Amino acid sequence: MSKRYIFISVVFIAMALVLVLLPKQQNRDAFRPDLLLLEINSGERFLSVDHIAERIIQGDPSILLVDVRSSDLYDEYHIPGAINIPLNEVLNDSLNAALLLPFKDIVFYSNSTLSADQAWILCRRNKMESQYVMEGGLNTWFDHIMTPEPPQEVEGNDAIALYEFRKGASVFFGMPAPVVQYTAPENTNAKPAAVKKSKPAKQVIELKKVEEEEEEEEGC
Amino acid sequence: MGPLIPNEIISPEWNHVFAVLIGIAFGIVMESSGFSSSRKIMGSFYGYDFTMIRVFMTAAITSLIGVLYMDYFGWIDRTELFVVPTYLGATITGGALMGLGFLAAGFCPGTSFLAAAIGKVDGMVFIGGAFLGILFFGEIFPLISDFYYANYLGHITVEESLGIAPDWFALIFAVIAVVVFYVLSIIRKSVEKVKY
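Chains as they are written, first to last, in this note's numbering: chain A, 7 to 226; chain B, 65 to 260.
No wet-lab data here; the hints were simulated from the structure.
Computed from a prediction, not measured in an experiment: that's the story for all the values here.
We put the CB at the ideal spot given by N, CA and C, even for glycine.
Derived DSS-like pairs: lysine-lysine, alpha-carbon spacing no greater than 27 Å straight-line:
(1) A/Lys-9 to B/Lys-253
(2) B/Lys-257 to B/Lys-184
(3) A/Lys-30 to A/Lys-133
(4) A/Lys-133 to A/Lys-110
(5) A/Lys-9 to B/Lys-257
Per label pair, the in silico range of CB-to-CB distance:
(6) B/Val-239 to A/Leu-43: 40 to 46 Å
(7) A/Val-24 to B/Leu-226: 20 to 26 Å
(8) B/Val-244 to A/Pro-39: 38 to 44 Å
(9) B/Ala-181 to A/Ile-19: 35 to 41 Å
(10) B/Tyr-246 to A/Asn-94: 52 to 58 Å
Listing some non-contacts, in silico: residues in chain B with all C-beta distances to chain A over 12 Å:
(11) Ile-86
(12) Gly-91
(13) Leu-145
(14) Pro-206
(15) Ile-208
(16) Ser-254
Can you make the complete structure from the sequences, with help from the hints?
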């Protein structure tokens, strides 16, 4: 072999060896920043609280709610069926498995949308698919689903239907007696009504006692 | 940054302009290396001239290492490069047929155009034969389409099919190439030198 071929051979081996020995780059699989920016601006990641509530009520198995608040806040209250992955552990490998479940729409929520958005960006940068954010977070959840406001008189059928749905949803999610809101203007009558209810109850008990006594008498 | 056209740094219309320019450069280099002579290719089969193998292995390693370095520096996104899909049976059969054609005619498609361009009649006849072969293939394609599409492996690269990292593949390939160069030089010495 001539000197020229030996030189070329050495260069090839050296270049390839350097390539092997170079430190591996991180985040090579990251989402392209310009595309990520487009997705952030498009707002397609947001799911409304009504949409989420409807899917939970219907028992949709393809939705997984992820509470990104601290575990203390999660223990205090969380939407039924939600799992808890605090924001700083979203990229923890052992917890990642839940976020990579196939055929699941992963919906992040926090008190507002701030922490949930951060979790969403972390996941999207890692090219995870089907990631969403609950629009407005738990604050909107409480405003719209748990304590729905009745529609104004000028609003159309859609608003009334939505209110009816939210009223039902609030019962489903454990809010007691939305009927109280209807009788709210008649607060003055509320106390007499309560008294009236207690009176028949007493009467019934008395009747039962009478009946029992009669039976006993017959038995004797 | 790269690839330039998928990332819209230059418009797709430039594709053909670059193709022509690179083709001209390729032809100049091949002609200056003497590839317009059919004996160059025959030499790799009969063992008196291995320029062809050396040139193509050098080109493969240069581009392999070059792409990996450019990918490392962020100049090009390797995942966006087009990888030709692999139909295993058809590729092996086609490769064997092409080798047979090399052996029979003394040209590969590139060098035949080179020979025709400098006025060699055998090169022109080869091009005519190549077009006849294309026509024949097109006519019988419905009969062999099942075989053609069998054993589809997708847009797969060699290192993906072997399951090793691309940088390690580059190193292994470079070592293999150097060994091949050395073995070829020994064979060359043992074979009587042909003058042409």
